[in-house]
Amino acid sequence: MELLLASAIALLTASGIYLILRARTFPVVLGLTLLSHAINLFLVSMGRLAVNRPPILSDDAAGYTDPLPQALVLTAIVIAFGMTALVVVLALRTYLETGSDHVDGDPPGNKP
Amino acid sequence: MSHWIIAPIVIPAMVAALIVLFLRNRQGLTRAVSLAGAVAVLAVSVALATAAAGGPPEMYALGNWPAPFGIVLVLDRLSALMVLLTSVLGVIGLLYALSGWDDRGPHFHALWQFQLMGVNGAFLTGDLFNLFVFFEILLIASYGLILHGAGRARLKAGLHYVMINLVGSALFLIGVGLIYGITGTLNMADLILKVPLATGSDAALLKTGAMVLLVVFGLKAALVPIHLWLPAAYANAPAPVAALFAIMTKVGVYAIIRVYTMIFGGGAGESAWLAGAWLLPAALATLVIGAMGVLAARTLGRLAAFALLASTGTLMTAVSLFTPTALEAALYYMVHSTLAAAALFLVSDLIARNRGSHGDLVTVAPRFRQAEMLSALFLTAAIGLAGMPPLSGFIGKLLILDSARASGAAVWIWAAILITSLILIVGFARAGSRLFWKSAAQEGFINAPAIPRRAFAAAAAVLPLAGMAALAAAAGPVAGYMAAATDQVFDSSAYVAAVLGGR
Numbered sequence: 001m002e003l004l005l006a007s008a009i010a011l012l013t014a015s016g017i018y019l020i021l022r023a024r025t026f027p028v029v030l031g032l033t034l035l036s037h038a039i040n041l042f043l044v045s046m047g048r049l050a051v052n053r054p055p056i057l058s059d060d061a062a063g064y065t066d067p068l069p070q071a072l073v074l075t076a077i078v079i080a081f082g083m084t085a086l087v088v089v090l091a092l093r094t095y096l097e098t099g100s101d102h103v104d105g106d107p108p109g110n111k112p
Numbered sequence: 113m114s115h116w117i118i119a120p121i122v123i124p125a126m127v128a129a130l131i132v133l134f135l136r137n138r139q140g141l142t143r144a145v146s147l148a149g150a151v152a153v154l155a156v157s158v159a160l161a162t163a164a165a166g167g168p169p170e171m172y173a174l175g176n177w178p179a180p181f182g183i184v185l186v187l188d189r190l191s192a193l194m195v196l197l198t199s200v201l202g203v204i205g206l207l208y209a210l211s212g213w214d215d216r217g218p219h220f221h222a223l224w225q226f227q228l229m230g231v232n233g234a235f236l237t238g239d240l241f242n243l244f245v246f247f248e249i250l251l252i253a254s255y256g257l258i259l260h261g262a263g264r265a266r267l268k269a270g271l272h273y274v275m276i277n278l279v280g281s282a283l284f285l286i287g288v289g290l291i292y293g294i295t296g297t298l299n300m301a302d303l304i305l306k307v308p309l310a311t312g313s314d315a316a317l318l319k320t321g322a323m324v325l326l327v328v329f330g331l332k333a334a335l336v337p338i339h340l341w342l343p344a345a346y347a348n349a350p351a352p353v354a355a356l357f358a359i360m361t362k363v364g365v366y367a368i369i370r371v372y373t374m375i376f377g378g379g380a381g382e383s384a385w386l387a388g389a390w391l392l393p394a395a396l397a398t399l400v401i402g403a404m405g406v407l408a409a410r411t412l413g414r415l416a417a418f419a420l421l422a423s424t425g426t427l428m429t430a431v432s433l434f435t436p437t438a439l440e441a442a443l444y445y446m447v448h449s450t451l452a453a454a455a456l457f458l459v460s461d462l463i464a465r466n467r468g469s470h471g472d473l474v475t476v477a478p479r480f481r482q483a484e485m486l487s488a489l490f491l492t493a494a495i496g497l498a499g500m501p502p503l504s505g506f507i508g509k510l511l512i513l514d515s516a517r518a519s520g521a522a523v524w525i526w527a528a529i530l531i532t533s534l535i536l537i538v539g540f541a542r543a544g545s546r547l548f549w550k551s552a553a554q555e556g557f558i559n560a561p562a563i564p565r566r567a568f569a570a571a572a573a574v575l576p577l578a579g580m581a582a583l584a585a586a587a588g589p590v591a592g593y594m595a596a597a598t599d600q601v602f603d604s605s606a607y608v609a610a611v612l613g614g615r
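The listed protein sequences correspond, in order, to chains F and B.
FYI, the numbering for the first sequence is 1 to 112, going by this note's numbering.
FYI, the numbering for the second sequence is 113 to 615, going by this note's numbering.
Same shape as in the complex, but just chain F (with noise of 0.2 Å):
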């Protein structure tokens, strides 16, 4: 469980920051995404990982899950998301007013 988590993040952080460096819009929103699910991943595991746990007082309870982290990750998927739709937006914009979807704006025939 553990290792399987971890090398998510891993996985999805590695990805999302190669994307990040790549020249075009498009790739660098994707790897902002990817970015953000790592995170919230990451969040989730910051409140240690615990199955079939419950989050609330019980009096049968074994033990409990941190319920902290998953409002934490609630309110930072909602900004993510939120983000993401600008993101596109304005990538979408770029390429509409400069004819290029280069991060800075390049003309077509002005290859990187």
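These are computed hints drawn from the structure, not numbers from a lab.
Hints may be right or wrong, so weigh each one.
[As the list claims (entries may be wrong)] For the chain B half of the interface with chain F, some residues (derived, Cβ under 7 Å), not all of them:
| id | residue |
| --- | --- |
| 1 | F241 |
| 2 | R264 |
| 3 | G289 |
| 4 | Y292 |
[Stated by the list, open to error] Listing some non-contacts, in silico: residues in chain B with all C-beta distances to chain F over 12 Å:
| id | residue |
| --- | --- |
| 5 | A129 |
| 6 | I563 |
| 7 | R566 |
[What the hints assert, rightly or not] Partial selection, computed: residues in chain F whose CB lies under 10 Å from chain B:
| id | residue |
| --- | --- |
| 8 | G16 |
| 9 | I20 |
| 10 | V29 |
| 11 | L30 |
| 12 | A38 |
| 13 | S45 |
| 14 | G47 |
| 15 | N52 |
| 16 | A76 |
| 17 | I79 |
| 18 | M83 |
| 19 | R93 |
The beta-carbon is built from N, C-alpha and C at its ideal position, and this holds for glycine as well.
Assemble the complex: chain F is given as a structure, and chain B must be docked to it using the hints.
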């Protein structure tokens, strides 16, 4: 518990919602409501600063959930000062925006109010995750404002600004996650108590989290080497927005003061005084690069952006010493540098608009409308940013130099600040003589279209300059307030007592 603490967040939020929902296509009414909202926030923040000056920190529990389980807002002298500064800039920028900037695209006033809400929230919150949320609010409003009116150059700079800040938000969450994983709390007052308890490998992870956060705050404050987004973004932003953004770099500085003096400060056990060794070289490099940028700038926008960078460098130099006298000097200089940068952005825009097709290029061009008045304003703003007497920049730099004498790096700090002051003077003199002196000898006259509501624009540009003069005249009482604010930051027991009660 005073409910007024939340007013600087709630008033802009309500005004923005009102503007978006009910005042579409009614520009006159929108302007009146927006300006009234900004003035109301200013009045409240003056009252809050007065209240904070006389007493201990005050806590406001959102939804009445007790700390550390609920989210709290905390009003101490430092946060009251920052909120007051934001509100002043909010009114000044809005006055300036009335001269035509707010007509260039939809929703300017709503975004402006959301921006004020985010910045005020970031200054008032007493919770690290809530700080993240307010960072996102102020950022998403700033994305809208920086792209206001669009255009190619602005879209390009805006895209970079948005993407680098999204990466910054991701890093913020990693840092917050690590700190929560070790301490189990994100309430700042609770962190002050819990951080010293971490030892060994726990302390190592905690320090890692804190250093990741330092990168994020450094990004917001535009410290070298993560400053590259700032010149293009600020130079291309609409002038009133750039003036308001003078406070945005200070959000990063404020967070550094809050987290690395109060939480990871002297009482933090193994994690004590984390940031100083890293911050000082970065701050000095920022100062030098900012000054060189002023010398090299070919447009007034970039000149102002690099001057802001240099003043942030000076400010961070003082902050990174992490001593009470240096912080006192830093707070004084922070107020000054925010006003000075805002003034320069506004004056530059007035010059650019009067120069018609020559715009804000630092070139020799024929004479233009109001050149005499604008040259006086430019000179005053330049004196402020270069730190020459009689304005407050001189006193601020003097306080910083004096407080650095005991530091081991005093030679470097004195050399950097004094030499860059000279470079700044040369840079401003070069730009000013091209724009005004050499242009005065040219034939012809640029008849640029008149600026609408010119009186508002001129008043908005004069106000921060007058603020600097007032800051210099009242240096004694202001420095006294800064000293009291510094006491509250360095002796966090009153802060902890206010938030967590008698525990």
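Hints and how they fare:
1. This hint holds: F241(B) has a C-beta 6 Å from the nearest C-beta of chain F, less than the 7 Å allowed.
2. Satisfaction of the interface hint for R264(B) is found here, the shortest Cβ-Cβ separation to chain F being roughly 6 Å, below the 7 Å cut-off.
3. The interface hint given for G289(B) holds, since its Cβ lies 4 Å from the closest Cβ of chain F, which is under the 7 Å cut-off.
4. Using the Cβ-Cβ criterion of 7 Å, the hint placing Y292(B) at the interface with chain F is satisfied: the shortest such distance is roughly 5 Å.
5. Every Cβ of chain F is farther than 12 Å from the Cβ of A129(B); the closest lies at roughly 17 Å, confirming the non-interface assignment.
6. Residue-level check passed: I563(B) sits 27 Å from the nearest beta carbon of chain F, beyond 12 Å.
7. With a minimum CB-CB distance of about 31 Å to chain F, R566(B) clears the 12 Å threshold, and the non-interface call stands.
8. A distance limit of 10 Å between C-beta atoms decides the matter here; for G16(F) the minimum to chain B is near 8 Å, and the interface restraint holds.
9. Evaluation of the I20(F) hint against chain B yields a held restraint, the C-beta minimum of about 6 Å falling below 10 Å.
10. Contact between V29(F) and chain B, as hinted, is supported at the beta carbon level, the nearest pair being about 9 Å apart and thus within 10 Å.
11. A distance limit of 10 Å between C-beta atoms decides the matter here; for L30(F) the minimum to chain B is near 12 Å, and the interface restraint is violated.
12. With 10 Å as the threshold, the beta carbon of A38(F) comes within range of chain B, its nearest partner Cβ sitting at about 8 Å, so the hint holds.
13. Residue-level restraint check for S45(F) holds (minimum Cβ-Cβ distance to chain B is 8 Å; threshold 10 Å).
14. For the restraint placing G47(F) at the interface with chain B, the shortest Cβ-Cβ distance is roughly 8 Å, inside the 10 Å limit, so the hint holds.
15. Annotation: interface hint on N52(F) violated; nearest CB of chain B at approximately 21 Å, more than 10 Å.
16. At about 6 Å, the closest approach between the beta carbon of A76(F) and any beta carbon in chain B falls short of 10 Å, and the interface hint on this residue holds.
17. Interface hint at I79(F): satisfied, since its Cβ lies 5 Å from the closest Cβ of chain B, which is below the 10 Å cut-off.
18. The interface hint given for M83(F) is met, as the beta carbon of that residue sits about 6 Å from the closest beta carbon of chain B, less than 10 Å.
19. Interface hint status for R93(F): upheld, as the beta-carbon distance to the closest one in chain B is roughly 6 Å, under 10 Å.
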